[in-house]
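Two chains, two frames, a set of hints: combine them into the complex.
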Amino acid sequence: MTLIDAVGTPAGPAGTTPVVSVRGVRKAFGRGEGAVFALDRVSLDVAPGEFVALLGASGCGKSTLLSLIAGLDRPTAGEVAVAGDGAALMPQEGGLFPWLTAGRNVELALRLRGVSRSDRRTEAERLLSLVRLDGAYDKRPHELSGGMRQRVALARALAQKRPVLLMDEPFSALDAITRDALHGELIRIWEETGVAIVFVTHNVREAVRLGQRVVLLSSRPGRVIREWQVDIAQPRRIEAPDVSALAGEITERLSTEIRRHATAEAAAEQKGSIDVRQ
Amino acid sequence: MSVSDPVKHDARSVDDGQLEAGLDALALETGSERPLWRRWLQAALPPLVVLVGLYVLWNLAIVVLDPPVNKFPGPMDVGHAIADQWADGAVVDSFRGSLQRGAVGFALSVLVGTAIGVVVAQVKFLRAGFGPLLSGLQVLPSVAWVPVAIIWFGLTEKAMLAVILLGAVPSIANGLLSGVDQVPPLLLRVGHVLGARGFRAVWHVVLPAALPGYIAGLKQGWAFSWRSLMAAELIVKSNDIRRGLGGYLDDARTLGDMPWVFSGVFFILLVGIVIELAFFTPLERRVLKRRGLLLERG
Numbered sequence: 000m001t002l003i004d005a006v007g008t009p010a011g012p013a014g015t016t017p018v019v020s021v022r023g024v025r026k027a028f029g030r031g032e033g034a035v036f037a038l039d040r041v042s043l044d045v046a047p048g049e050f051v052a053l054l055g056a057s058g059c060g061k062s063t064l065l066s067l068i069a070g071l072d073r074p075t076a077g078e079v080a081v082a083g084d085g086a087a088l089m090p091q092e093g094g095l096f097p098w099l100t101a102g103r104n105v106e107l108a109l110r111l112r113g114v115s116r117s118d119r120r121t122e123a124e125r126l127l128s129l130v131r132l133d134g135a136y137d138k139r140p141h142e143l144s145g146g147m148r149q150r151v152a153l154a155r156a157l158a159q160k161r162p163v164l165l166m167d168e169p170f171s172a173l174d175a176i177t178r179d180a181l182h183g184e185l186i187r188i189w190e191e192t193g194v195a196i197v198f199v200t201h202n203v204r205e206a207v208r209l210g211q212r213v214v215l216l217s218s219r220p221g222r223v224i225r226e227w228q229v230d231i232a233q234p235r236r237i238e239a240p241d242v243s244a245l246a247g248e249i250t251e252r253l254s255t256e257i258r259r260h261a262t263a264e265a266a267a268e269q270k271g272s273i274d275v276r277q
Numbered sequence: 000m001s002v003s004d005p006v007k008h009d010a011r012s013v014d015d016g017q018l019e020a021g022l023d024a025l026a027l028e029t030g031s032e033r034p035l036w037r038r039w040l041q042a043a044l045p046p047l048v049v050l051v052g053l054y055v056l057w058n059l060a061i062v063v064l065d066p067p068v069n070k071f072p073g074p075m076d077v078g079h080a081i082a083d084q085w086a087d088g089a090v091v092d093s094f095r096g097s098l099q100r101g102a103v104g105f106a107l108s109v110l111v112g113t114a115i116g117v118v119v120a121q122v123k124f125l126r127a128g129f130g131p132l133l134s135g136l137q138v139l140p141s142v143a144w145v146p147v148a149i150i151w152f153g154l155t156e157k158a159m160l161a162v163i164l165l166g167a168v169p170s171i172a173n174g175l176l177s178g179v180d181q182v183p184p185l186l187l188r189v190g191h192v193l194g195a196r197g198f199r200a201v202w203h204v205v206l207p208a209a210l211p212g213y214i215a216g217l218k219q220g221w222a223f224s225w226r227s228l229m230a231a232e233l234i235v236k237s238n239d240i241r242r243g244l245g246g247y248l249d250d251a252r253t254l255g256d257m258p259w260v261f262s263g264v265f266f267i268l269l270v271g272i273v274i275e276l277a278f279f280t281p282l283e284r285r286v287l288k289r290r291g292l293l294l295e296r297g
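Note that the protein sequences, when read in sequence, are chains A and B. First residue of the first sequence? That's 0 in numbering that gives the first Met the number 0, and the numbers climb one at a time after it. First residue of the second sequence? That's 0 in numbering that gives the first Met the number 0, and the numbers climb one at a time after it.
In short, the hints are calculated from the structure, not lab data. Just so it is clear, the structure is predicted and the values come from calculations on it, not from any experiment. Possibly wrong hints are sitting among the right ones.
[Stated by the list, open to error] Straight-line C-alpha distance at most 30 angstroms; calculated DSBU-like pairs for lysine-lysine:
1) B/Lys236 with B/Lys70
2) A/Lys138 with B/Lys288
3) A/Lys138 with B/Lys218
4) B/Lys218 with B/Lys288
5) B/Lys123 with B/Lys218
6) B/Lys157 with B/Lys218
If we strip away everything but chain B, and leave its shape as in the complex, we get (with noise of 0.2 angstroms):
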């Protein structure tokens, strides 16, 4: 448009419509999506790479230094044992104890710690109390309650239940609280004057901005549920009760059978990689990138 073009005054309010318009599809155009196979290879190309180098440094450390298998068993040896265990059956059922405990104690976590992290969230002066408590809390090893547990509850399920609780609770209470922290005054600001008060505010406003500072608390309290419990499992051992998988990995010490030591460490791993891949990263990119908040990598 020539600045000289008459501009009539009625034509101007429709002119403005389609100007919008095409501003608008202009913010919209986005570029093409990448075919799913490339994503794929390209998330799963890296750790490939890595874990194959891994293999054979193993593998020219055992030919070069020739170690005892007793000692420093090479990937062949842990193979087999893994193979082995794996034939036997026994270990399945240390699958299961352990992913049961797991599940269960972590469920209960997550209730107790919502529970504790939404009350202290509210209350100025239980925040300003309990807040270093449950921060310090974070950087206590959760073995640390280990001995307090056997001595309340002895040598039963009860005592590993107490350890995962205790390992996991302030986590998932500690992610919670510092979501509800890193939420936008501007956003509370605008629930108030929207007329979100009081319980509507904390419904509508609060705990939606502060969801991924929860989900990061709660990918943090299974870790910490994960390594309580193996802890727990290593000393809490009795008959009455079913071995998991670190009374696996001590019944394997006590026989002094490296190959099996490795095969535990490396189902305990196992658990920790698949839990984390098959469903707490898909819940975080999910939630990050409904926001906007994630950077699709080019």
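The following block holds chain A by itself, in its conformation from the complex (with noise of 0.2 angstroms):
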């Protein structure tokens, strides 16, 4: 069955062709009475090489709207579009394989895209390069610390070569100093591939800290509720007053939106019943 519902004006950027389309898009998971809508009615439109920060509590979706532009799982109404052959996609925990060396990890995925195999070690050793790890070719997932194991899926990732990357609260796991050395690795990459990037976090400096456009998403389900452009010119400072004063901004409308969940679900109670598309 395909749905889709009055669909809302797509934010981004217009005369572009969007390398990511998501419009009207709904994911119920279950079905009937208890089914549970983790998104409602989700547009988004991603221009070429640009950064969208995806922002919102837990719980509203994010993942599974990511899920979704990488083809893991279909909507159930709603349409999905990506440029080429689909994104590349950077899971939260890195996922690199254990058993396969850091360049070997780069190599499966070039190996995958069909790259010959006279080129693979040069491209692995070039990509590996690009985000600082020249001398981890050899070395073993489970022999890296988590920010190189991050760099080194960000490698594999690229390696796909694909014009939009996803990329799954990929530095939550991460102490303070190494996610700040990576916001500013991420962005060097950025500028020098050219690559869309689409970026899921929970953490409103990050998204500001990162994004050209950050998107709010509420929670269960998960709409867009509002988004700001970010006008700061990169390289941007976490701590910088610009990037604090917008940060703020943001969090307060967070709030907001969390409060009202809280005393919308408080008031479903009461009625006896969840209608969670209230």
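As structure tokens, this is what we get:
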């Protein structure tokens, strides 16, 4: 059943063909009365080379939306279109194959893309060098730190050479200093490669630090509440006053949303039934 | 760096690189390895102490209880029996017979068990249907197959091979299946996104990820092979087939020579321990260590 609801104006710059186009997407888990809507009428466009930070509290369906764009799952209703052969994905835990060295992990992505055997080694070394891991080719994932593993995962995702890269809270398990360093690296790599990035996070400052555009999702069901265009020049610093000011404003909006959600759920519970579509 | 330091923006990229290099260096710093002889000593000492303790207890029991030699021989009696049998040379033939059968039977079991495992793991219906049967078969003592095999094949080599296969194949197939079941879903998702579908997903993601479970299955499969073979050799005896260690043990029982019986038990145990220590343990350690799944005992 394909059911396209009233589609809101998809966000994104006009005039360019988007690399990701999400139109009126709903995603329900379960069926009938017990169905829970993770996403409800979400529309989102990502322009080529754009950096979009997708922000929301836990349970807002951020990861669900990413799975839909990555083609790992299908929407209940609406349409998802991705340019080229689809999107590259870098999951939260990196997802490196523990039986392969860092270099071989990258090479496997190249191999599955159809890169010839003779070119793989050089290309894998170039990508590892891009994430500043020149000496790590023969290291196994467990021998690397969390930050280094995530950089290998980034190199592997870039090896897919897709027009858009999806990142699912990739730095959330790292310590603050490492995360700060990787923010700088990611912006540098984004500028060098020109890849479009959809970066999912629950950290408001991280979203403002990285994104050209911050898209705020509501929780259960996930909907786009608001967007902010971030006009602060890169490199930004996470503790800079203009970053903090915008982060404060977004946090305020997010808190309102969470409070509204809490009262709505409490009211529904009093009625004796929870209508998640409220 | 103090807070009042003005940070130039164009210098930050270089700064980040150096900061990262520093963080990487910190993360990669590892403790010095203990010397080889100490690790050997640490691994070998506890079993050695236990063995000596058991030996002392055994001697003590003989001295205190003074049981008849043909019921419960002392360490010296068994030692003499082992030495006599070894010098006689016939036991070497029995070793060869059993090991050859064991090796051929195990190799065949690996082929058959792996093929069954791969096919059953990939087809949902077969997985649901055969899964419980395969785990159930593991509980079945393989001696139970001996009468079946004798009726099918008579007192022949084929009968013994059949018993080994019936004992070991379910273990190996089951090990592979549980290995496949335990593949983290995250890795399957990553493989899918990287473009590994169908056969390429099986080859590049599922099988390597299932390797530790598969090796555990092989190990158990060998144990089952060896047990089934000894059971078969105890029972399947004829002049047409080579005597193995099981036959050696049964000959000793027929003669009622208890030290000889004990020497047979010792030889059978020896093969089990040596193959485990020389082959399966290093293989398992290697695979787990490469994946960072092995904790070094400190």
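Point to revise | Numbers of unmet hints, in rising order | key: none
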